[in-house]
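Chain residues, written in single-letter form:
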Amino acid sequence: MDKKSAKGWLYILPAFLFLGVFLLYPLVDVFIYSFEEGFNFASQSYYGVGSYNYAYVLRDPYFLQAVKNTFLLVAITVPVSTGLALLISLGLSSISRLRELYQTIFFLPYVTNTLAVGLVFMILFKRTPYTDGLANLIIGLFGAEPVDFIDGPYWAKMTVLCLYTVWIVMPFKILILTSALASVNRDYYNAARIDGTPAWRIFTRITVPMISPTIVYLIITGFIGAFKAYSDAVALFGTNLNAAGMNTIVGYVYDMLYGSSGGYPSYASAAAILLFAIVLTITCLNLLISRKHVSYLS
Amino acid sequence: MEHEYSGGLGKKRALRGLTYVLLTVWALVVLFPFYWMLLSSVKSYGAYNAEYIPQLFTLQPTLENYREAFTAVPLARFFANTVLFTLLTTALMLAVTVLAAYAFARLNFRGKNLVFVLFLSLMMIPSELVVITNFVTITELDLRNSFPGLILPSVTSVFYIYLLKENFEQVPEQLYYAAKVDGTSDLKYLFKVMVPICRPTVVTITILKAIECWNSYVWPRLITDDERYFLVSNGIQTIRESGFGRENIPAMMAAVVVISAPLILLFLAFRRMIMEGVSRGGTKG
Chain A
1 MDKKSAKGWL YILPAFLFLG VFLLYPLVDV FIYSFEEGFN FASQSYYGVG SYNYAYVLRD
61 PYFLQAVKNT FLLVAITVPV STGLALLISL GLSSISRLRE LYQTIFFLPY VTNTLAVGLV
121 FMILFKRTPY TDGLANLIIG LFGAEPVDFI DGPYWAKMTV LCLYTVWIVM PFKILILTSA
181 LASVNRDYYN AARIDGTPAW RIFTRITVPM ISPTIVYLII TGFIGAFKAY SDAVALFGTN
241 LNAAGMNTIV GYVYDMLYGS SGGYPSYASA AAILLFAIVL TITCLNLLIS RKHVSYLS
Chain B
1 MEHEYSGGLG KKRALRGLTY VLLTVWALVV LFPFYWMLLS SVKSYGAYNA EYIPQLFTLQ
61 PTLENYREAF TAVPLARFFA NTVLFTLLTT ALMLAVTVLA AYAFARLNFR GKNLVFVLFL
121 SLMMIPSELV VITNFVTITE LDLRNSFPGL ILPSVTSVFY IYLLKENFEQ VPEQLYYAAK
181 VDGTSDLKYL FKVMVPICRP TVVTITILKA IECWNSYVWP RLITDDERYF LVSNGIQTIR
241 ESGFGRENIP AMMAAVVVIS APLILLFLAF RRMIMEGVSR GGTKG
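Residue numbers (the numbering used here), protein chains in the order written: chain A, 1 to 298; chain B, 1 to 285.
Warning: the hint list may mix true and false statements.
[What the hints assert, rightly or not] Which bits of chain B does chain A cover? Going by a derived footprint, with three or more residues having C-beta under 8 Å, they are:
1) 34–44
2) 103–109
3) 123–130
4) 150–162
5) 191–199
6) 203–211
7) 216–229
[What the hints assert, rightly or not] Label pairs and their calculated CB-CB ranges:
8) PRO79(A) x THR139(B): 36 to 42 Å
9) PRO79(A) x VAL29(B): 17 to 23 Å
10) ARG59(A) x LYS11(B): 57 to 63 Å
11) VAL80(A) x LYS188(B): 50 to 56 Å
12) SER261(A) x ALA72(B): 39 to 45 Å
13) LEU98(A) x MET124(B): 36 to 42 Å
14) VAL28(A) x GLU173(B): 36 to 42 Å
15) LEU63(B) x LYS68(A): 42 to 48 Å
16) LEU63(B) x THR128(A): 21 to 27 Å
Bear in mind the hints are in silico, worked out from the structure with no lab data behind them.
Ideal Cβ placement from N, Cα and C applies to all residues, glycine included.
Build the full structure now, drawing on both the sequences and the hints.
Right under this line is the structure:
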């Protein structure tokens with residue numbers, strides 16, 4: 001190898017080594033793990049090759065519960081957060097006074113520690129012998145019965161998880177949508193205004209088409225992010241998510257790997273690959289559907 | 001030159017008012033948890049537990065809970081660990097990223113395009129897929145409960161290499177040739193010319209990585225079970241599950257404030273840079 005090539009390789013060598021050891025090799029290895037049956041962590045041995053791990057995971061009630069929770073979380077939070085973020089971004093771009101202040105405040109959840117602020121949500125929603133909690137106090141004003149959102153019925157726990165997830169993902173969506181709205185060419189609006197186009201029509205015929213690629217981007221990253229939900233659930237319900245019935249697919253993977261229920265890297269691998277397959281399928285579907293509805297002229 | 005469409009000024013004013021109401025409501029939703037944690041952290045233990053109906057303010061603030069947070073659990077240690085972890089990981093990431101980005105942007109070597117495509121395709125791999133083997137690797141290397149075990153798998157970010165490479169390529173090539181004529185070495189050129197010129201991008205990826213490190217939870221949880229190596233996220237989880245006795249919410253909230261404060265201060269100081277960085281390259285959605 002000539003000297004020039006050697007130098008180039010020397011510069012990328014550190015990155016290459018890190019990526020090779022901690023990203024490329026594991027990627028291959030995870031598929032191997034997922035097909036090794038009866039893998040024993042201590043002796044590093046296994047007794048067969050096949051799809052048993054997948055069959056096991058797909059029959060495991062904890063996995064099915066995790067899949068149900070994750071799909072519900074995705075189905076609720078992605079549309080809600082995207083819609084709400086669009087509404088707020090439209091509001092933000094229509095004002096000039098106090099705009100910076102609002103933008104700064106809205107971004108705050110992005111820089112917070114998910115685990116730490118999750119604790120605050122927990123105490124706001126938790127019902128203890130000492131107090132019903134602030135959330136119950138508020139819904140009590142509307143005549144509702146107090147309910148424990150953290151250890152109570154499934155719908156209540158799911159509600160808090162969705163609320164917290166939306167709270168966490170909003171900053172990113174608002175930021176991206178606000179800059180997309182700002183980049184729409186003013187000429188379109190001015191032309192529409194001269195024609196006396198009503199506001200609603202301006203929104204559906206100009207704004208939405210112009211920012212549709214951004215919306216699609218946010219929906220896709222939203223889906224991917226929500227499918228990987230885990231630490232928000234831990235923050236609210238503690239590390240034993242299976243007992244709380246609030247586990248997510250990612251949580252199932254980690255529980256299989258480590259902790260009191262852990263020690264099964266094969267099951268964890270199979271579950272992780274199933275998750276990846278789900279995410280990939282949904283991302284492709286998203287892209288296919290959006291190709292019909294998105295205008296990319298700008 | 002305001003042109004009013006049918007509906008007129010009154011309707012427009014109402015819409016504007018409604019906009020401010022909406023934005024203010026969301027601002028309150030965002031701020032309220034922060035207010036609540038600050039408030040609860042300065043209520044005394046007795047006062048907090050005596051409130052069957054939570055009070056929205058307190059007239060007798062106390063710092064007792066902060067003392068409790070630092071003495072009853074090793075919060076200072078979690079904090080120091082996290083600072084160390086964040087500094088070392090970010091520094092290593094910077095070194096690796098700057099070198100690789102420079103090689104891709106300026107140096108010519110055999111296999112460059114192939115390697116670059118490989119790097120780009122690695123960007124799509126979700127961390128959930130590789131964490132299993134990494135856990136096994138680190139365990140076998142006997143690096144559990146150690147800083148190398150925490151740091152090494154967290155170093156690389158392909159996306160940052162890509163971001164910096166794009167920026168490096170915008171630096172005029174003439175500068176490089178001029179430096180070469182003067183006999184400047186590549187390394188010196190990189191750190192004396194390229195990095196200073198691309199400082200905004202370098203700072204952006206540094207801050208984004210620091211935020212990521214500060215908040216990392218999953219990997220540290222897998223790889224440490226000895227409290228002496230806990231980061232703040234794991235620390236707060238331990239506190240929640242066993243520390244203080246589960247009922248001492250004010251002390252818990254004091255710990256939450258201590259853990260949240262550094263990033264919020266960092267954000268307020270570098271607001272523009274962080275928001276721009278996130279809109280260019282952030283994830284978490």
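Going down the list of hints, with the structure as the test:
{"no.": "1", "hint": "34–44", "verdict": "holds (count 4)"}
{"no.": "2", "hint": "103–109", "verdict": "holds (count 5)"}
{"no.": "3", "hint": "123–130", "verdict": "holds (count 5)"}
{"no.": "4", "hint": "150–162", "verdict": "holds (count 6)"}
{"no.": "5", "hint": "191–199", "verdict": "violated (count 0)"}
{"no.": "6", "hint": "203–211", "verdict": "violated (count 1)"}
{"no.": "7", "hint": "216–229", "verdict": "holds (count 4)"}
{"no.": "8", "hint": "PRO79(A) x THR139(B): 36 to 42 Å", "verdict": "holds, 41 Å"}
{"no.": "9", "hint": "PRO79(A) x VAL29(B): 17 to 23 Å", "verdict": "holds, 18 Å"}
{"no.": "10", "hint": "ARG59(A) x LYS11(B): 57 to 63 Å", "verdict": "holds, 60 Å"}
{"no.": "11", "hint": "VAL80(A) x LYS188(B): 50 to 56 Å", "verdict": "holds, 53 Å"}
{"no.": "12", "hint": "SER261(A) x ALA72(B): 39 to 45 Å", "verdict": "violated, 29 Å"}
{"no.": "13", "hint": "LEU98(A) x MET124(B): 36 to 42 Å", "verdict": "holds, 40 Å"}
{"no.": "14", "hint": "VAL28(A) x GLU173(B): 36 to 42 Å", "verdict": "holds, 38 Å"}
{"no.": "15", "hint": "LEU63(B) x LYS68(A): 42 to 48 Å", "verdict": "holds, 45 Å"}
{"no.": "16", "hint": "LEU63(B) x THR128(A): 21 to 27 Å", "verdict": "holds, 24 Å"}
When the structure is compared with the earlier hints, violations turn up for hints 5, 6 and 12 and for no others.
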